[in-house]
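> Dock chain one against chain two, each of which comes alone in its own frame, and use the hints as you go.
Residue strings, one per chain:
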Amino acid sequence: MSVEALSRGNWLARGFGALGLGRANLNLRLGAAIIVGWALIAVFAPWIAPYDPITHNLADKLQGPSLLHPLGTDNFGRDILSRVIYGARIDLQMGVLGVLFPFLIGTTLGAIAGYAGGWVDILLMRILDVVLAFPFLVLMLAIIAILQPGLTSFYIALALVGWVSYARLVRAQVLVLKTSDFVTAARSLGFGRFRILFRHILPNCIAGSIVFSMSDVVLVVLAGSSISYLGLGVQPPTAEWGVMIAEGQNFITTAWWITTFPGLAIVLMAFGFSLLADGLAERFGLRQP
Amino acid sequence: MSLLIVRNLSIAAGERLLVEEVDLDLAEGEVLGLVGESGSGKSITCRALMRLLPHDQLHIAGGSVTLKGRDLARLDEAEMRKVRGVEIGMIFQNPSSHLDPVMRIGDQIAESVRYHEGASTKEARGRAVELLRQVGIPDPVRRVSAYPHEFSGGMRQRAMIAVALACRPKLLIADEPTTALDVTVQAQVLRLLLDLRDRLGLAILLVTHNLGVVAQTCDSLTVMYAGRIMERGPKRDLLRAPAHPYTEALLKCQPGSAKPAAQLPAIPGQPPLAGAFPPGCRFHPRCPRVADICRRERPALSPAQGPRVAACHFTSALRAAS
Chain E
1 MSVEALSRGN WLARGFGALG LGRANLNLRL GAAIIVGWAL IAVFAPWIAP YDPITHNLAD
61 KLQGPSLLHP LGTDNFGRDI LSRVIYGARI DLQMGVLGVL FPFLIGTTLG AIAGYAGGWV
121 DILLMRILDV VLAFPFLVLM LAIIAILQPG LTSFYIALAL VGWVSYARLV RAQVLVLKTS
181 DFVTAARSLG FGRFRILFRH ILPNCIAGSI VFSMSDVVLV VLAGSSISYL GLGVQPPTAE
241 WGVMIAEGQN FITTAWWITT FPGLAIVLMA FGFSLLADGL AERFGLRQP
Chain C
1 MSLLIVRNLS IAAGERLLVE EVDLDLAEGE VLGLVGESGS GKSITCRALM RLLPHDQLHI
61 AGGSVTLKGR DLARLDEAEM RKVRGVEIGM IFQNPSSHLD PVMRIGDQIA ESVRYHEGAS
121 TKEARGRAVE LLRQVGIPDP VRRVSAYPHE FSGGMRQRAM IAVALACRPK LLIADEPTTA
181 LDVTVQAQVL RLLLDLRDRL GLAILLVTHN LGVVAQTCDS LTVMYAGRIM ERGPKRDLLR
241 APAHPYTEAL LKCQPGSAKP AAQLPAIPGQ PPLAGAFPPG CRFHPRCPRV ADICRRERPA
301 LSPAQGPRVA ACHFTSALRA AS
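Residue numbers (the working numbering), protein chains in the order written: chain E, 1 to 289; chain C, 1 to 322.
Looking at chain C on its own, in the form it has when it is part of the complex (with noise of 0.2 Å):
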């Protein structure tokens, strides 16, 4: 049973459509990885699942969010209110920046629990100190009272992760988690959140567009392009053998998956810019298969392979090839 269901979710600016007919699948337990480029819409895709959208002209403008059975895009802002923070956890990608710097770090995790849950102040003030120990701060009894810039970049990452789980959300919205860190801070992060999925149960909607992280943590995974789903599987599927051309060349793209001596290779050309969205499939102007069909009409999700979907005409050709 899903916990979160995602249908045919279309967000716009104004009249322009940045995302479409976006579907994702979350089980509890689940960790999903949304992998694209730069400006494919995986972020705004996330906002829109808290409905936070960054600008006030940019809207949902079709589909639905159901999270337990209750579809979010419906409900007003004062219950929506109730469902951010409390069953659905955000953490971003800078955790410099996403924390207050004038507050404790234990006051930041107290006050979602006072503040949904009516806790007292010693209550929220354990709970804090046994958040921090869950993700891993040493001597979290001292540390409830420091402020952030008192910790270093992988702690805050691992203090904003307390403060997304304060009110024992079952979902984790993971935007971009690590990419502000140092290699071996990442790892460790990404373990953190393995550790928590299983004891928690918690299902993680994991955004990145670092393959390494994906192939490290994620069960599944859903690759998007240019605002739409280009191919979607099961995580060992897809980097084995990608039924999309597009998920191919970012896996090539990949350090070491080249000869070490050889030039890593790249994606020629841009990816289109919201707006001016190319006709046809939205990669054909930098797929190196590219056909005729390819610029007439847009290939739709089709099964490719087991419970693999992928939009593009060749797939079954792909397939074939490797």
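The shape of chain E in the complex, shown without the other chains (with noise of 0.2 Å):
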């Protein structure tokens, strides 16, 4: 083997060891491999999926489960399999932008209300509680409610919403590290106040935010499929695994199939990111084993 093999192999088995999978816990193995599942069934979609999830078929409506529909169709025809799968690319994208832009926010403004101090912390923990004292799907239904149901209002809601959670949680863990040592030893070089604050500080307190993230992920999903449900996010026909229950539910004496399959779905990615904010909370020695 050449050198550069050997090095590019060394790199790789680095690479691993960075993201914890080199002697990765079970809970986190396990977890990655439901999200990595379920990242592929989205990417791919349309080679995997057997039917258009779109296109009505009356003429096969309200089939049970069978050999040429696995999981059944509904009142309009449609392959519920193939609307699951393409309904992966729905939910995994809500989980993972609803997630996003949530964790941006609140390390940012809980990073500066923590470091700051003063009238600045008090402002921003002020207009947090504000937040929270309304309930979290109250409050984001009338926020859509005043944009336009749909996606996008989804986002932003959530990112009005979401944040405080992430801002808590970073601001106190910034507070114990202000005054820690190494901050001092970073002051006594001369750096600055950002620098000190994104470079050393941030990064010493991101893990809690990430494990919480990953459990944040089941919840924003939960919450994007019961606005769906609501008609307030993801309009139909689009194949949303809270719109397919939504419509389902007025069939579900007599074809329990339409509702019972995108339920199963939503419970095995929330059962896939539970699993990895677990292993990545005992990865970063957060929790014991």
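Rather than coming from a laboratory, the hints here were simulated on the basis of the structure.
Please note that the accuracy of each hint is not assured.
[Unchecked claim] Here chain C is said to cover these stretches of chain E; the calculated rule only asks that three of the stretch's residues, wherever they fall, bring their Cβ under 8 Å from a Cβ of chain C:
no.: 1; region: 177-185
no.: 2; region: 194-205
[To be verified] Partial selection, computed: residues in chain E whose CB lies under 7 Å from chain C:
no.: 3; residue: S188
no.: 4; residue: L189
no.: 5; residue: G190
We treat Cβ as the ideally placed atom computed from N, Cα and C, and that holds for glycine.
This is the structure in structure tokens:
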């Protein structure tokens, strides 16, 4: 083997080591496998899905699971399996983007509040209290209703409501770390406040937020499905698990498969992210295994 | 010509003075030991030189800190940032907690080179390797990309010295650099500091409560007690024939200075808390030679012998006794 190949192998091994997959715990492996599985399904949906998820085919409506339609068909004759596969695209995107924005906003604001202290801290924390005073879903619904139903409004509403958890989490950590020894050492090297905050304090308190974000994905996917179910999120005929459950509820006694399989899909994705959260917490040493 | 001249430095917490009238002189290539019990004000004096006092209430109440002709006490924060790390480096007692745990050692060294000198990533990395080699870390090319937890205690202290010296400061403030290390490693780190002093012409302000460390490294010595200087002079003179009863008591408390089987003597009583300093000489409640005058009048720092000064009413009596 050439030296180049050797060093490349080393680099690969290091990459896996950095990701924590070198000698990862079972939760982390299983969670990652489930999420990667869903991601692959989402990316390759057009090739995997046996039927078109949108086109009506009234001749085949309300068929139970069979070899032709493994998960049955709905009241418009659409294949449930295909719709669940396409739904993974929307729900995964919802989970990722719906957490990314609150994560970025909350982490930044929380870090600034904790580090600056004084009136900046007081102001941000009072805003946070106001947001927290409303029930999560009610506030989301109100914001979406004001904007206009749809996925974009859903993301905006989540960013406005969801940042508070991250802000509180990060602020508490920054308060502890800003008087820590290595921050004193960084100050003794003449670094400015922003460099110290974003290069030294934040990387040391981000682990908790990452773990929290994984369990937050579960909540966001459920919230997205609930809001779509209420008709304020993803609009029919788009295939989304929450929408599918809403559409199938009238037939629950006669055609149970329309609601059950999208429901199971939600559960399985949530399960994957929960395992990932647990595995990461163990990996980062935030929790004893 | 002195590199650092501190005159009349006082540090206060609110209205309360914690450190009063401290004078320090440090020439290039000189190692000055700052000695005293816990709570004598050594550490906050160091922090004050860097203008990095640990609480918002603590502030410099008076005096000047002149480095290369510039009074640091009068610089604004932005100018002060260009002094920290560039003209004064600082190392700390506990290397494990003073290194950023999630940053590679090499990046921590390179960071200040890039920040202060605008060096490229490659140059800064080269400097990091060079510095690690200078502080005696084996296999520096590989070790630059290690994290602090992969280093032993002694190596972490060496790495911290490398970080502090990254921008080639002329003055190194070492706040109890060996206290957290075991004895053999202590000796190695002290030797390294002296070696760096010789090679780089570094001036070192060494804060310690360990007179053994002082004996091995320092050129001159300043003894502090309860926020004031008690005695100051060349190390050899101070250790051989202390002019102040406090220095004498400290020396007697060193293991090895008493007979092997005898119980180690201790200074009776506790050092006073800030704000409850006794009137007159601050050491008088614990002093074996206390007299009436000590309770009433504070002794001034006065020449005791040669270049040495001491703050005691009975300096000459002490000298006569020894």
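> Can you name, in rising order, the numbers of the hints this structure does not satisfy?
Structure breaks no hint.
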